[in-house]
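Modelling step: build the complete structure from the supplied sequences, incorporating the hints.
The lines below spell out each chain.
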Amino acid sequence: MKKLIPIFFALVIASCQQEEFSADLTVAFSIESAISDATYPIKVALPENYDSEGQKYATIYVLDGEDNFDFVAENCKKISHDLSTSNVLVVSIGYGNDRADDYTPSKAMEGGGGAEKFMQFIEHELIPKIESDFAVDTVRECRVILGHSFGGLLGAYAFTNHNNVFGNYIMLSPSIWYDNEIMLKLEQENRIANSKNHQLVYLGIGQLENEGRMLAPFEAFYQRLLNNYPDIALSHHLEPQLGHMGSRNPNTLKGLNFYFQNR
Amino acid sequence: MKLAKFLFIPYFLLKLSSLLAQGDFHANLQNDFPEQSFKIAPAIGLNPWPTADLVISNLVQWDIKRHLSLVSYSAFTYNSVFLRDFNHIKTNYNYSVSQKLGVGTSLFSKRASHTFSLLAGIKYNGFKETLENPDYENVPVSVSSLGPDYGCMYHLQVGKKKLFFSYRMYLPLYPYPMRRLDITAIDGNMANVSLEFGLGVRLN
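Respectively, the protein sequence lines represent chains A and B.
Position one of the first sequence corresponds to residue 1 (the working numbering), numbered consecutively onward.
Position one of the second sequence corresponds to residue 1 (the working numbering), numbered consecutively onward.
Treat the hints with care, since some could be wrong.
Below, computed lysine-lysine pairings styled on DSS-like, alpha-carbon distance capped at 27 angstroms [what the hints assert, rightly or not]:
#: 1; chain 1: A; residue 1: 254; chain 2: B; residue 2: 128
#: 2; chain 1: A; residue 1: 185; chain 2: B; residue 2: 110
#: 3; chain 1: A; residue 1: 185; chain 2: A; residue 2: 77
#: 4; chain 1: A; residue 1: 56; chain 2: A; residue 2: 129
#: 5; chain 1: A; residue 1: 117; chain 2: A; residue 2: 196
#: 6; chain 1: A; residue 1: 185; chain 2: B; residue 2: 90
#: 7; chain 1: A; residue 1: 78; chain 2: A; residue 2: 56
#: 8; chain 1: B; residue 1: 65; chain 2: B; residue 2: 162
#: 9; chain 1: A; residue 1: 107; chain 2: B; residue 2: 162
#: 10; chain 1: A; residue 1: 78; chain 2: A; residue 2: 107
#: 11; chain 1: A; residue 1: 56; chain 2: A; residue 2: 196
#: 12; chain 1: B; residue 1: 162; chain 2: B; residue 2: 110
Facing chain B, from chain A, some residues (calculated, C-beta under 7 angstroms) [what the hints assert, rightly or not]:
#: 13; residue: 55
#: 14; residue: 56
#: 15; residue: 181
#: 16; residue: 211
#: 17; residue: 212
Hints in this document: simulated from the structure, not taken from any laboratory.
Cβ coordinates follow ideal geometry from the N, Cα and C atoms, glycine included.
Below, the structure is given as structure tokens:
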């Protein structure tokens, strides 16, 4: 019995190991932002056989890059291979400021409301750098933003207030509850302008996110998109039996599949 | 390092219990506990993190041999006791019901026995919340789900008479692989440890 204990713990530790994306295909650098007064670590995952001369790639901007980059990059490679379609560049945005400041649209008890500055950083400092240094397509329809929780909230803010920057949104368990559901107000204010654009949106959440805040605002946001945006490719999914963190990776996979199949 | 820190907690508790049990273990002490017994132990407790769920449970333990027990564990959980009306989001109901069966083995000390069990069964979650913000439309959402539930339980029984004090700790292993070891993570395995106290009765 005693011999089994280390084996059990080894199995647990092995099951928690993160899959790491190939270092050979990763370019890392940092950007000092004058807009948000912070330095952001950036990583870019290149497709295999990256062709900087003859091809233009789409880009997926991944929030909470420290946690999500490897999983997204690895699975973009797998999905594009399975679907025999061109892969994308995955851009990881690491932490410069606290995520509760950078990802929140207004000042409230849970966050500092720095989303506007952070989006300005993405739009005016990060995207121009990526688009000048790498072979990427510069049209809105070829840019994706992917975020979970407060990252999903920033994705929703990008949708409502900077809709010309991204054409594709993968929002995972977005914190629409934030500041008395302020995202619903912002959606309403910007609806007329945004509904003219083509959108691709994946909204995913865990079925067991029952902490009294997640599901009803998520559903309200989904219904707004469903009923008011005629030119939208929209998917909505509740990941069964999983909660806020457990649903993140399964929903990321479904969101990426939805994007690759409908872009 | 973070992983090691969180694994250390259950390992420490289990190790401490077994050391305590083995420390004053004597063959004749075992005889103070009946070879076979049938016990019922209702209890109340908490899933302390992160939103405090109230647990009402009942454990039935049939010790068929000194070191072999069959265990049945039933629980009703009133979820998120302190978070039922937040940012105009009203929780209409939020509860779980689970039933698990399993096997366990016991160690004995002077006045207590320590049972370690592996349990598996089902868990039903019923949940409804409504967005009732006066600035927006009302949106209700309900979830009704039945899924697996398995994990390990430590059961401390103090007292050798008909009535005994019961403390138990259940560590869910579902979903596996572990999603998060951080004890403050909302749906991490470590965050859903339940701690329960009650009074048990030996029926034979």
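Open item on the list: Does residue 107 (chain A) sit within 27 angstroms of residue 78 (chain A), going by the straight-line distance between their CA atoms?
Closed with: violated (39 angstroms)
Open item on the list: Hint validation: residue 212 (chain A) versus chain B, beta carbon distance must be below 7 angstroms. Holds or violated?
Closed with: This hint holds: residue 212 (chain A) lies near chain B, its Cβ roughly 4 angstroms from the closest one there, short of 7 angstroms.
TODO: Take the C-alpha atoms of residue 254 (chain A) and residue 128 (chain B), compute the straight-line distance between them, and say whether it is at most 27 angstroms.
DONE: holds (25 angstroms)
Open item on the list: Does residue 162 (chain B) sit within 27 angstroms of residue 65 (chain B), going by the straight-line distance between their CA atoms?
Closed with: holds (18 angstroms)
Open item on the list: residue 185 (chain A) and residue 90 (chain B) were given as a pair; does the straight-line alpha-carbon distance stay at or below 27 angstroms?
Closed with: holds (19 angstroms)
Open item on the list: Please verify whether residue 78 (chain A) and residue 56 (chain A) have alpha carbons no more than 27 angstroms apart.
Closed with: Roughly 19 angstroms between the alpha carbons, so the hint for residue 78 (chain A) and residue 56 (chain A) holds.
Task: Straight-line alpha-carbon gap residue 56 (chain A) to residue 196 (chain A), limit 27 angstroms - done: Cα-Cα ~26 angstroms, so holds.
Open item on the list: For residue 162 (chain B) and residue 110 (chain B), compute the direct alpha-carbon distance and say whether it is at most 27 angstroms.
Closed with: holds (16 angstroms)
Task: Holds or violated: residue 107 (chain A) to residue 162 (chain B), with C-alpha atoms at most 27 angstroms apart - done: With Cα atoms ~59 angstroms apart, residue 107 (chain A) and residue 162 (chain B) exceed 27 angstroms; violated.
Task: Restraint check, 7 angstroms cut-off on beta carbons, for residue 211 (chain A) near chain B - done: holds (5 angstroms)
Open item on the list: Run the distance test for residue 117 (chain A) versus residue 196 (chain A): straight-line Cα separation, threshold 27 angstroms.
Closed with: It holds: about 25 angstroms lies between the C-alpha atoms, which stays within 27 angstroms.
TODO: Verify the proposed pairing of residue 56 (chain A) with residue 129 (chain A), using a straight-line Cα cut of 27 angstroms.
DONE: holds (15 angstroms)
The structure is inconsistent with the numbered hints 2, 3, 9, 10, 13, 14, although it conforms to all the rest.
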